[in-house]
Structure formats: C-alpha cells, structure tokens
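Asker: Sequence:
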Amino acid sequence: MISVLPSHDTSATAFRSEVFPELHRDNLRTLQVNLGYRCNQSCAHCHVNAGPTRLEMMDPQTMALIPKVLDQYQLECLDLTGGAPELHPGFKDLVIQASCLGVEVIDRCNLTILTEPGQHDLAAFLAKHRVTVVASLPCYEAENVDQQRGKGVFERSLIGLRQLNQLGYGQNDEQLILNLIFNPQGPQLPLPQAQLEEAYRKELKKRYGIEFTRLFTIANMPIQRFATQLTMSGQRESYQQLLEGAHNPDNLKTVMCRSLISVNWQGQLFDCDFNQQLSLHPKGPVHHLRDLLDVEVQWPGQPITVGPHCFGCTAGNGSSCGGALQSEGEIG
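Be aware that the sequence shown starts at 1, since it is given in the UniProt record's numbering, and climbs by one per residue.
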C-alpha cells in the first residue's frame with residue numbers, strides 16, 4: 001500500500017488565500033500535443049475527461065503543421081498525449097517525421113493500449129524509433145490501480161511493461177527510456193519522489209520482474225473529473241487550501257510552462273495542458289499552430305496565464321509532466 005503525505009492544517013488560520021505569482025516564459029524546448037480525447041480507459045483522475053466514447057481528434061491538416069513548427073523553432077522534444085495518443089491514425093507517421101528531425105518523442109502511454117486489438121506491433125514500433133515512454137502506474141498493487149483506472153487495468157499494465165522490458169526499455173539502453181508516473185489516490189500530496197522510486201523499483205522487481213528508468217510523482221490537479229470528485233465529497237475547498245498552504249516559491253523557477261507550449265486537438269495553443277482543459281488561453285501574440293509559422297515568436301519574457309490550479313504544480317516538492325521539481329533535500 002502506497003501512502004501519501006498527511007494533509008496540511010487546512011483551518012482558516014493556516015489557509016493563505018493567495019493570488020498565484022506572475023510567471024514569464026523562458027526558452028521554448030517542448031511542444032506538447034494532445035492528439036485527441038479518445039481513450040481505451042476512463043480513469044477517475046483524468047483531467048481531460050478522456051474515454052472510449054470521446055470523438056475529438058486532430059485532423060490531418062493540423063497535424064501536418066507539427067513537424068514544421070518543430071523544425072522552424074528547432075525544438076528538442078515532442079510530447080504526445082491524449083486520451084491515448086496511439087489511437088490517432090496519424091500517430092506513427094508523426095513519430096517518424098519528428099524522429100527524422102532529431103527531436104525526442106515522448107509517448108504518454110497508459111500501458112493497456114499495448115494489449116488492445118490492432119496494437120500488437122505498437123511496442124516494437126516505439127522501440128524502433130527510440131520513443132521515450134512515460135506510463136501511468138499509480139501503484140504496484142492491483143487493488144489501488146484498478147480502483148483508480150478500472151477493473152483489470154493492473155494486470156494488463158504488467159503485460160505492457162513486460163513487452164517493453166523485453167524490447168530493452170528500462171534496461172541498460174539509454175535510448176529506450178521507460179518512466180512511470182505516480183499520482184495519489186485522493187486529495188493528498190505525493191510522498192517525495194526519490195522515496196517512492198526506491199519502493200517501486202524494489203517491489204516491481206521482486207513481485208513481477210519489471211524494471212524501469214525513473215519514477216515521476218505528479219499531484220492531482222483540481223480540475224475536470226478530479227474536481228467533480230472533490231466537490232461531491234465536500235473536499236474541493238480543503239484540497240485547494242492544501243495546495244496553497246504547501247506552495248513553495250522555489251518551484252517557480254522550473255515549472256514546465258516556462259519551457260513548454262501545449263496544443264489541443266484543434267491546434268489551439270495554451271501555456272500548459274491544465275490551462276488547455278480550463279480553456280485559459282495564452283496572453284502572447286500567437287493562439288494557433290499556424291500562427292507559429294507566420295510569426296517568429298521570441299519566447300523569453302512572454303507572460304504565462306496563471307490561476308488557482310497552478311498551486312498544484314508548486315506545492316511541496318513541486319509537480320510537472322516530468323515529475324517533482326525538487327528533491328526532498330532541497331525543500332526547506
């Protein structure tokens with residue numbers, strides 16, 4: 001059973017009702033693209049409300065803009081997400097095009113997609129093109145995973161992990177990176193990342209013979225499905241207070257929005273994936289992928305749209321698409 005940090009005191013005296021600090025962009029490194037909301041799962045914590053019945057999907061004309069933007073701005077990373085990004089019919093072609101540009105491609109994979117009908121060659125494709133796999137696995141025990149992500153998901157996730165391990169992922173090949181994602185079951189902050197990574201590494205190896213590269217911890221954001229759960233349980237305000245009370249200003253230096261632009265399935269631009277789901281548009285001069293090809297944007301200094309949910313990224317050790325922003329020893 002994975003534990004989490006105890007909730008901070010959320011009494012009126014402890015709660016600091018703050019406006020999130022101003023943020024400005026640094027150099028742009030990553031283009032994070034949501035290819036659509038269709039998914040083979042419907043996870044309780046999903047902040048995009050993805051699922052099997054969602055039909056939203058990026059059209060070919062918009063997708064064709066992505067390699068052009070990567071090339072024009074000499075970006076280092078294409079971060080593909082969804083839904084299940086692999087369900088997009090243009091997923092593989094996009095991966096190939098980005099790889100040919102020398103761009104690192106990240107696939108935010110739910111693992112069970114590797115066992116879906118028609119996806120028998122997906123793991124081998126990812127390995128062939130040296131795609132970095134970032135996979136959600138909120139626990140190393142079946143009950144906890146299935147509670148959050150659906151019945152039978154844990155066993156299917158193990159099958160997917162074994163496929164990846166057999167191809168060299170999470171082993172000694174530095175080009176076959178397999179990172180796992182942990183997020184808490186409920187309205188708490190995750191334990192320190194290094195502590196959880198040690199536990200995951202020990203238990204997954206001992207119980208299932210599975211290896212991985214890194215573990216990332218991510219705080220649940222109080223938006224979409226998770227926000228609905230919080231509201232229904234009467235915990236939405238207390239969770240927001242928890243995030244604000246645990247705000248660490250040092251995390252502002254490395255939040256993901258300073259080096260990342262998020263793109264929705266329609267090609268619209270946002271400062272991060274969470275802003276995308278809240279329809280909080282950027283303050284800068286561009287609002288669509290095609291704009292990036294018409295206007296040569298100077299990214300450093302561009303203002304970033306912020307809101308109360310941003311405290312989810314700066315609470316405690318910090319949280320981003322790449323895990324904690326600081327180690328336990330740096331928090332003071």
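It is possible that part of the hints are untrue.
Pairs of lysine-lysine, DSS-like flavour, derived with a Cα cap of 27 Å [to be verified]:
| hint | residue 1 | residue 2 |
| --- | --- | --- |
| 1 | K202 | K151 |
| 2 | K68 | K92 |
| 3 | K151 | K206 |
| 4 | K151 | K205 |
| 5 | K253 | K205 |
| 6 | K128 | K68 |
| 7 | K68 | K206 |
| 8 | K128 | K92 |
| 9 | K128 | K205 |
Derived Cβ-Cβ restraints for the label pairs, each shown as a range [unchecked claim]:
| hint | residue 1 | residue 2 | range |
| --- | --- | --- | --- |
| 10 | E203 | A124 | 25 to 35 Å |
| 11 | S238 | Q72 | 27 to 37 Å |
| 12 | E211 | S99 | 17 to 27 Å |
| 13 | G234 | C100 | 48 to 58 Å |
| 14 | Q147 | T231 | 14 to 24 Å |
| 15 | H287 | Y208 | 18 to 28 Å |
| 16 | A194 | R162 | 20 to 30 Å |
| 17 | D121 | G234 | 19 to 29 Å |
| 18 | E296 | Q171 | 33 to 43 Å |
| 19 | K151 | A124 | 41 to 51 Å |
| 20 | E237 | S99 | 40 to 50 Å |
| 21 | K283 | G152 | 39 to 49 Å |
| 22 | H287 | V19 | 16 to 26 Å |
These aren't lab readings, by the way, just hints derived from the structure by calculation. Built from N, CA and C at the ideal position, the CB exists for glycine as well.
Asker: Could you check the structure against the hints above and give me the numbers of any it violates, in ascending order?
Answerer: 5, 7, 11, 15, 17 and 19
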